[in-house]
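These protein sequence lines are chains D and A, in that order. With the first letter of the first sequence counted as 1, position 103 gets the number 103 in my numbering; the numbers rise by one all the way through. With the first letter of the second sequence counted as 1, position 234 gets the number 234 in my numbering; the numbers rise by one all the way through.
Take the hints with a grain of salt, since some may be wrong.
Reference excerpt, derived from the structure (chain A facing chain D, CB under 7 Å, subset only) [claimed, not checked]:
1) P125
2) I404
3) G450
4) T496
In the PhoX-like style, the derived pairs of lysine-lysine whose C-alpha atoms are separated by at most 25 Å in a straight line are [unchecked claim]:
5) D:K525 x A:K10
6) D:K510 x D:K525
7) D:K246 x A:K246
8) D:K510 x A:K510
Far from chain A, by Cβ distances over 10 Å, these chain D residues were calculated [what the hints assert, rightly or not]:
9) P83
10) R153
11) A156
12) A189
13) I222
14) G223
15) L250
16) G420
17) L493
18) R516
19) H527
Read the hints as simulated data drawn from the structure, not as lab findings. Glycine is no exception: its CB is placed at the ideal position from the N, C-alpha and C atoms.
Number of protein chains: 2
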Amino acid sequence: MLEWLRTYRKDYLAGDVGAGVVVAMMMIPQGMAYALVAGLPPVTGLYASIVPPLLYALLGTSSTQSVGPMAIVSLMTASALAPLAAPGSSLYATLAGQLAILAGVVLLACGLLRVGFLANFFSRPVMNGFTLGSSLTIALGQVDTLLGAAPPRWHAPSAALGLGAVAFLLLARRWLAPLLRRAGAPPAAADVGARLAPMLLVLASVALVALLRLDARGVHVIGAVPAGLPQLHLAQSGQHWLPLLKPALLIGFVSFLVAMSGAQALALKRAEKLHTDRELAALGAANVGSALSGGFPVTGSLSRSAVNFAAGANTQLAGVVTALLLAGALVLPTGWLALLPLPVLSATIIVAVLGMLEWHTLRTSWAYDRADALALLATAGGVLVLGVEGGVVLGLALSLGAMIWRESRPHMALLGRIPGTEHFRNVERHAVETDPRVLLLRVDAALFFGNVEAVNARIEDLLAAHPAARHLVLVLSAVNTIDTSALFGLLDLHQTLGQRGVQLHLAEVKGPVMDRLRASSLVEKLHGHIFLSTANAWDALTRTTHDCKQNPDVAG
Amino acid sequence: MLEWLRTYRKDYLAGDVGAGVVVAMMMIPQGMAYALVAGLPPVTGLYASIVPPLLYALLGTSSTQSVGPMAIVSLMTASALAPLAAPGSSLYATLAGQLAILAGVVLLACGLLRVGFLANFFSRPVMNGFTLGSSLTIALGQVDTLLGAAPPRWHAPSAALGLGAVAFLLLARRWLAPLLRRAGAPPAAADVGARLAPMLLVLASVALVALLRLDARGVHVIGAVPAGLPQLHLAQSGQHWLPLLKPALLIGFVSFLVAMSGAQALALKRAEKLHTDRELAALGAANVGSALSGGFPVTGSLSRSAVNFAAGANTQLAGVVTALLLAGALVLPTGWLALLPLPVLSATIIVAVLGMLEWHTLRTSWAYDRADALALLATAGGVLVLGVEGGVVLGLALSLGAMIWRESRPHMALLGRIPGTEHFRNVERHAVETDPRVLLLRVDAALFFGNVEAVNARIEDLLAAHPAARHLVLVLSAVNTIDTSALFGLLDLHQTLGQRGVQLHLAEVKGPVMDRLRASSLVEKLHGHIFLSTANAWDALTRTTHDCKQNPDVAG
Chain D
1 MLEWLRTYRK DYLAGDVGAG VVVAMMMIPQ GMAYALVAGL PPVTGLYASI VPPLLYALLG
61 TSSTQSVGPM AIVSLMTASA LAPLAAPGSS LYATLAGQLA ILAGVVLLAC GLLRVGFLAN
121 FFSRPVMNGF TLGSSLTIAL GQVDTLLGAA PPRWHAPSAA LGLGAVAFLL LARRWLAPLL
181 RRAGAPPAAA DVGARLAPML LVLASVALVA LLRLDARGVH VIGAVPAGLP QLHLAQSGQH
241 WLPLLKPALL IGFVSFLVAM SGAQALALKR AEKLHTDREL AALGAANVGS ALSGGFPVTG
301 SLSRSAVNFA AGANTQLAGV VTALLLAGAL VLPTGWLALL PLPVLSATII VAVLGMLEWH
361 TLRTSWAYDR ADALALLATA GGVLVLGVEG GVVLGLALSL GAMIWRESRP HMALLGRIPG
421 TEHFRNVERH AVETDPRVLL LRVDAALFFG NVEAVNARIE DLLAAHPAAR HLVLVLSAVN
481 TIDTSALFGL LDLHQTLGQR GVQLHLAEVK GPVMDRLRAS SLVEKLHGHI FLSTANAWDA
541 LTRTTHDCKQ NPDVAG
Chain A
1 MLEWLRTYRK DYLAGDVGAG VVVAMMMIPQ GMAYALVAGL PPVTGLYASI VPPLLYALLG
61 TSSTQSVGPM AIVSLMTASA LAPLAAPGSS LYATLAGQLA ILAGVVLLAC GLLRVGFLAN
121 FFSRPVMNGF TLGSSLTIAL GQVDTLLGAA PPRWHAPSAA LGLGAVAFLL LARRWLAPLL
181 RRAGAPPAAA DVGARLAPML LVLASVALVA LLRLDARGVH VIGAVPAGLP QLHLAQSGQH
241 WLPLLKPALL IGFVSFLVAM SGAQALALKR AEKLHTDREL AALGAANVGS ALSGGFPVTG
301 SLSRSAVNFA AGANTQLAGV VTALLLAGAL VLPTGWLALL PLPVLSATII VAVLGMLEWH
361 TLRTSWAYDR ADALALLATA GGVLVLGVEG GVVLGLALSL GAMIWRESRP HMALLGRIPG
421 TEHFRNVERH AVETDPRVLL LRVDAALFFG NVEAVNARIE DLLAAHPAAR HLVLVLSAVN
481 TIDTSALFGL LDLHQTLGQR GVQLHLAEVK GPVMDRLRAS SLVEKLHGHI FLSTANAWDA
541 LTRTTHDCKQ NPDVAG
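So that you can see chain D by itself, here it is in the shape it has in the complex (with noise of 0.2 Å):
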């Protein structure tokens, strides 16, 4: 706990609020756009922008984290509470506090079981596929209020407000930087002022707003945002924790994900190294503190986390300058805030969350494993039709699924002798001695209970082609485990053969899988050997037999 403090450098001060600073610039606006995600008001943004950095930079492993709202997670929060309560409702912004306590819950929970492998169940396609849902399903629901109306009407100030800031912070993204550059600043220095531009154009629309008065004109505006820091409390509803359970697991688990791939991108980088477990709690607790000041749930922010890696972080002090500014701005008059377009706030929205698209995961799949990128777009059409928590269901099956037809369908191989060698090869690729007496079968896969049936139909298929099999030779040396599944298989197996006078012997068995076997019954059990290497086997095996033959397929 508090690692970076206690072995500060003072060097690192310069780095630590120069990131901070910028981090809160950014922080304002996505505070309050992402609460209006998350259909609650957007000074609640800014309240989940305080206590939550705060509590990581207690407890965090990651020197770069930046941890706040989150688009994701607060349109997850939407989709959970709208059965529950009406947005902009008392209950519902009670409701959103008790979410992230669960969520809280849920991930402190999982620090303390170490059970942060569960996180592994989500593949690296399928992950993309849940983002680019998301971000769509962010985007679409944004439309109306950026047009200030629904498609196919608009309301022409709105729409000329919201139309214009996308164009901005497009053109912004695409060549504020390198002007900046062109104007003699340092590429980095560059880089991270163009991340500067929503904060820019939240207060260039006020003062628009203020000067043409367009919100007398019908331009939705974000109206009064209650000055002062939040009251540290929880308010609660006594019957909604069970139905909130559910989504709180969901959020939980999402939240985890999203921070880890992020920080832990950032900490290859520097050589740094994440404590699964302790970043868990770290995650837990910001947002139980969120929950009770005022807030709802959060989590670690990739396009955050990259600008304050970039301005020059060096440790938490930077989330701790980020929160302190924050608090500060709520102590200063907020009257002008008042004044903040809505349609503007959509803009940087639509326009931070389209920035998360990236297309280079889907067209890599394609190339490499077609099933993979099947997944991908599955899981985003999922999100899409079924929302975003039946689209995190269907995308951890579609990951699962995905990889048990891989590993149920593994690479077998009969083998034979190369002749005058001790090598044995694929009948099917090689020219090789073999013997119809004796089967020799690689399995190229650990053995579980995803694959026992197809091991069990490729040996039933083989002792069909072979009718003058006497002994199958079960070669070992690329299966790494044998699960409790695989081994009643073996057994079951073992015993059959024997009813069909066949005899079943292993080979190239490795270590660890050998230990595992001695503590079963099949070693004792079996009626034929274990040999060392397959040539043994074939030595022992052929030698009473006298009709060794070139195999006529490939021998030509």
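We have chain D; now place chain A onto it with these hints.
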């Protein structure tokens, strides 16, 4: 379809007819008992034993599978219908049919989509835990009927009849076969004869009730059984299709698991080959047929199929004989059946499901892999506490969780050269040469989304412990597949190692893995080399360095 009929031989006939008769004698008490478990009138259990085996005989691929009511599926039926209708009501019976239709459609769809591999999602210990929990749930559910009242109270005549029946059945199971054998019956015939004890008990108990007028003394009897064949029809309740869909998915899944695991065990003994997708279609058709003829969800029953096998069934003609005998029983006067006492039926249920218990799987798992044994116990507990649907979901989660957990911690070894050879072994187990500039890491598992993090973390540790390292060689001799997530992991690793001045190399890449990698950008981007063997990598990378030394830790 009907392949067995086209190739039928006269000498099959005696075995088929004999087995068909024996199974029919088992089916009559079992069918009525499992209808009771499902919360339905006993006669529906007889209906569910006629059309399903006929359709299975038409479409199925197992010669000995006996399709009809089955304990666990009946329990799942009861738990699916309980929230929707009162047991005994006509809506309840209608919904039981609807559930069978949906389960049948699910199975047919799975057969058409060829997704039989999905059955591989359940590991064997988890399946055993599921059976264990379901059996105990069923047995506990029968205690009230067995005693004629809820414990601690009991109804003396009912309890005497029920407990007497349990004692008779247990004694018959233990002693009847040896007795028959001693009386001169051949062993196989004696074993089969002993399975007729429940039918004998039914007849004796009806006589007893009639003689002693036990029904007038408060012993519940099944009451009038409508004579005649079931009418082909489909009663339906439009608004209940949707709530039945999820239980139908689970029932379809479990039906298939139960039927396949039983049929496969028997098929192996006769070197028969089952066709997964045709089995799915046959079970689907059997369920739809059951629904249309007044029945409820059915599946293959291992206990009946094993008796069918032992009694000498050669083809599905045995199933046809069973179905015709059941139909015959319904055409004959059924008035006498009205006096069948419910406590006796409960006794047959309790003894049948307790007979499904086996502790061998638990014992073997406990010795072989504690995690699998705990998954077994957790699944059994889950069924008892959460109910059978919760148990299926928990079992799925545990099967997959245990696998991901196992695979997310793969065995990895840092390698060194055994001096004077081309062999490279684990530095922790062997006295080997190492080079501080060259790290050779062998990963003993397929690389996939579940272990990307573990591999990265190990590499981080290695680089921290060997600051002089300039080359990292991943030895992929045990890597059978690399999925898309792992490919991205390698690309990320490659980039971050490059930034830190460490070259990434690969060695001993398997053919199929290399084929896939060529479709990715890794091969062209790689700043290191792809070496055919670890020895090649060692020679090439250590040539430029002169500080080879013995590994000091183990060299002694």
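Cross-check of the supplied hints:
1. P125: A:P125 check passes; min Cβ-Cβ to chain D is 5 Å, inside 7 Å.
2. I404: 6 Å, holds
3. G450: Holds - the Cβ of A:G450 comes within 7 Å of chain D, reaching about 4 Å at its closest.
4. T496: 4 Å, holds
5. D:K525 x A:K10: Given that 25 Å is the threshold and the Cα spacing comes to 40 Å, the pair is violated.
6. D:K510 x D:K525: Distance ~19 Å between D:K510 and D:K525 Cα, so the pair holds.
7. D:K246 x A:K246: 18 Å, holds
8. D:K510 x A:K510: 18 Å, holds
9. P83: 17 Å, holds
10. R153: Label holds. Min Cβ-Cβ 35 Å, cutoff 10 Å.
11. A156: 44 Å, holds
12. A189: 21 Å, holds
13. I222: At roughly 40 Å from the nearest Cβ of chain A, D:I222 sits farther out than 10 Å, so the non-interface label holds.
14. G223: About 42 Å separates D:G223 from the closest Cβ of chain A, which puts it past 10 Å; holds.
15. L250: 14 Å, holds
16. G420: D:G420 clear of chain A: closest Cβ-Cβ about 21 Å, beyond 10 Å.
17. L493: The claim is violated: D:L493 sits with its nearest Cβ about 8 Å from chain A, within 10 Å.
18. R516: Label violated. Min Cβ-Cβ 6 Å, cutoff 10 Å.
19. H527: 17 Å, holds
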